[in-house]
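Given only the sequences and the hints, what does the whole structure look like? Please build it.
2 protein chains.
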Amino acid sequence: MLEGIEKRTGEQVGVGLDSCVLPTRHKGISIVQTTDFFYPLVEDPYMQGMIGCANVLSDLYAMGVSECDNMLMLLGVSTELSKQQGAVVNPLMIQGFNDQAKLAGTSINGGQTVLNPWYIIGGVASGVCTRDEFIIPDGALEGDVIVLTKPLGTQIAVNAHQWLDKSQWWDKIKDIITVDEVKTAYLAAMFSMVRLNRTAASLMHKHEVHAATDVTGFGIIGHAQNLVSHQKANVDFVLDTLPIIANMSRVASTAKDHGQDFKLLDGYSAETSGGLLMCLRPDNADRLCKDILADGFESWIVGRVISGNKQARIAGDVKVIEVHCFS
Amino acid sequence: MLEGIEKRTGEQVGVGLDSCVLPTRHKGISIVQTTDFFYPLVEDPYMQGMIGCANVLSDLYAMGVSECDNMLMLLGVSTELSKQQGAVVNPLMIQGFNDQAKLAGTSINGGQTVLNPWYIIGGVASGVCTRDEFIIPDGALEGDVIVLTKPLGTQIAVNAHQWLDKSQWWDKIKDIITVDEVKTAYLAAMFSMVRLNRTAASLMHKHEVHAATDVTGFGIIGHAQNLVSHQKANVDFVLDTLPIIANMSRVASTAKDHGQDFKLLDGYSAETSGGLLMCLRPDNADRLCKDILADGFESWIVGRVISGNKQARIAGDVKVIEVHCFS
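Protein chains in written order, with full-length UniProt numbering: chain A, 1 to 327; chain Y, 1 to 327.
Which copy? The list can't say, so a pair holds if one copy fits it or any two copies do.
The list that follows gives simulated cross-link-like pairs (lysine-lysine, DSS-like), each with its CA atoms no further than 27 Å apart:
(1) Lys-206 / Lys-27
(2) Lys-206 / Lys-232
(3) Lys-174 / Lys-319
(4) Lys-27 / Lys-102
(5) Lys-263 / Lys-83
(6) Lys-183 / Lys-256
(7) Lys-27 / Lys-232
(8) Lys-263 / Lys-310
To be clear, the hints were calculated from the coordinates, so they are not data collected in a lab.
What follows is the structure in structure tokens.
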């Protein structure tokens, strides 16, 4: 049913870009804008607030917009929290969101708070931009390579961490992973989701990125397919490398054997606040990865742009990189 | 608990104006922006979509911004709808929201859809504005009068309509109102909530409105108090007239007798997509009310601005006007 909705809104509201870009009534000035809200997935409310904020900003960053002019906060306080729980959780969630906005050089000026059965955290990010401040993601060219700036596997890490308290699931994976490995993967996922894509957004201009998107709910191949379908040139995207949070591909295959298929190696496992996926010339890609490394983080060339008919696919001989975030 | 949150976000995010106003990096250009989302309160999904859209836009209109540059839609599809119900309800809700945006001269370009236990409808409205396009609501002066552009009582009308199916409540009011009167009040409330405050927003400039807000969840006196507290001059707002959807003040007093106090005559009954409450010179107020009447709708001088210390109150001898919307 939700898919039906998404298709419908897709037709009607011009989904396709990560953010909408609209000319305003003022010459040369466009508004680039995005909204996102979802339900908490990590246990620490402060970190969850930071992730909520990073996740909203990510859609702006995917357009190469590194300066956000304003944010609004969307909050649904769970009706299931006791007064005492709320007094602890709510201020921390808000503080995390606010602090992240500060780190991103922006601020929250407005929002909406409601009571809701499920806790909601999200927001709106807007940039008021001149034409040179954003990159319409339709310029990928044959010969480009594809860079990814964060590892995959956040959904699996979060689930595996929950399974530590669900013996019927933990029993299924306990022979292939240790408790410490799960906790490490969970922390790696949390810190990865917290990290802003802002540096990458700035570098998109410096290294002439032709097209970019961020990897979130539809998985890397879902977003790659969406991006390739919007290209002006007749190209295909082939992903030959999947950098995945350490041990998570093993958990994914074991979970699949037990009937829960995250489709991680198929590229469909959902990510939250995932990395940017960017098409650019190979020499520029090398320089961009070096710049991101100078900022303290790995990024990877995960694929290539070839002549084709606007299809994205995972290569048959796809290589998995085990990403150890704490080394 | 929610109050605590609202106070907290109030401190942190600068709540006070109906929309945030932020200078951008471009000289002379500000972004005026607001978000709102809530849960359905009328039965017709198409009309509910229109109300959701009007309710979001209202915060922009309260700032005198009559041109919205972009909207985003926020949708939470209820997990309790069957597939068949969703197939009917969801497209209608979206269509209503979209059609209303069109009527407002804007469009929806983006949004977020989730599944949620309670149905959610809402959005984001943004205007990219020069300084003369918005009115900071802090200029009310002694001698001003206060105009309201829609009648009060939407919450009571919606509740009374629900009571038609709840015999324990209907039994309590059936001696003081007929089924037809309840249905008429419900329709009056629905059409009032659907109506945009856009004409009023344009007229704010023409008739030099000094300060305005829209009347929503905190009731007319809650919003009047918020508005008066932001005035530069030391003034009080005295509300001496309450225009209320016909028969609803009677329902409110009877409900109060039975233990459910909407606080309608105290000014605290929540409204959805309510009217604008505007302070301006008496002669300008007369002209503004005439212009709104020319557009087909009544508006009322409901109070006056006097010297004081930033307090809003209902006059002891407050006069109730029974508003018959279908005459």
